Amino acid sequence: SQTIHQWPATLVQPVGSPLSLECTVEGTSNPNLYWYRQAAGRGLQLLFYSVGIGQISSEVPQNLSASRPQDRQFILSSKKLLLSDSGFYLCAWRAIDRAYGYTFGSGTRLTVV
Amino acid sequence: GQQVMQIPQYQHVQEGEDFTTYCNSSTTLSNIQWYKQRPGGHPVFLIQLVKSGEVKKQKRLTFQFGEAKKNSSLHITATQTTDVGTYFCAGQVGGSNYKLTFGKGTLLTVNP
Chain A
700 SQTIHQWPAT
710 LVQPVGSPLS
720 LECTVEGTSN
730 PNLYWYRQAA
740 GRGLQLLFYS
750 VGIGQISSEV
760 PQNLSASRPQ
770 DRQFILSSKK
780 LLLSDSGFYL
790 CAWRAIDRAY
800 GYTFGSGTRL
810 TVV
Chain B
-3 GQQVMQIPQY
7 QHVQEGEDFT
17 TYCNSSTTLS
27 NIQWYKQRPG
37 GHPVFLIQLV
47 KSGEVKKQKR
57 LTFQFGEAKK
67 NSSLHITATQ
77 TTDVGTYFCA
87 GQVGGSNYKL
97 TFGKGTLLTV
107 NP
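For the record, the sequence lines run as chains A and B.
Just so you know, we're using our numbering here: the first sequence kicks off at 700 and counts up by one.
Just so you know, we're using our numbering here: the second sequence kicks off at -3 and counts up by one.
If we strip away everything but chain A, and leave its shape as in the complex, we get:
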């Protein structure tokens, strides 16, 4: 069966520090991968998506970046965090046949202080 792992679960980082969040998927090949951010009490904002290794599409210009070094690995990064980067970051995958919905990871709660 397919599983998605996302870590860490919580993170407190000072302003200006770097960020690296990792997401891996097991049990599937060539998934579509996504990074979403959810501000407190609000909806889901798509940040990046990837349809293959090295292929990244950015939805929102900001100081975040994403990379997909392996088929089932998706990384969200920042060189210098801002206070406004605080939020709940969710990784998700979807099978390429799109017969099913997104499967989300358990998320990372990031607080920038």
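Please keep in mind that the hints were generated in silico from the structure rather than gathered at the bench.
As the structure is a computational prediction, the values presented were derived from the model and not from experiment.
Just so you know, even glycine gets a beta-carbon here, dropped at the ideal spot from N, CA and C.
Check the hints yourself; a few may be wrong.
[To be verified] Here are the in silico distance ranges between beta carbons for each label pair:
(1) B/Arg34 x A/Ala794: 15 to 25 Å
(2) B/Thr78 x A/Lys779: 39 to 49 Å
(3) A/Ile755 x B/Gly12: 42 to 52 Å
(4) A/Leu782 x B/Ala74: 38 to 48 Å
Knowing the structure of chain A, use the given hints to seat chain B on it.
Showing chain B alone in chain A's frame:
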């Protein structure tokens, strides 16, 4: 760009009452999906609707996709405390095969 509007933003009900959340898109959708997010948790996929006028049921939950494929609804009959959470709709536009646009969600609270 594409927008998906969802109402109401909040809904508080007594246990046993019914609940409905509505979703409207500014553009015709190829499909619509519904998710549930429990407090402190992550969104969990409930269902996908593809056909115009489609109605699907999951126990006490009834999902509808409008004839014009621009609106959808989720109806819960006789709510229970386990139904508490935020319900999101998410629409996919034809041609944009890789991404969904999520509504802002409806937070449902149930008073026992």
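A quick look at each hint next to the structure:
no., hint, in the structure
1, B/Arg34 x A/Ala794: 15 to 25 Å, "24 Å, holds"
2, B/Thr78 x A/Lys779: 39 to 49 Å, "43 Å, holds"
3, A/Ile755 x B/Gly12: 42 to 52 Å, "48 Å, holds"
4, A/Leu782 x B/Ala74: 38 to 48 Å, "44 Å, holds"
When each numbered hint is compared with the structure, no violation occurs for any of them.
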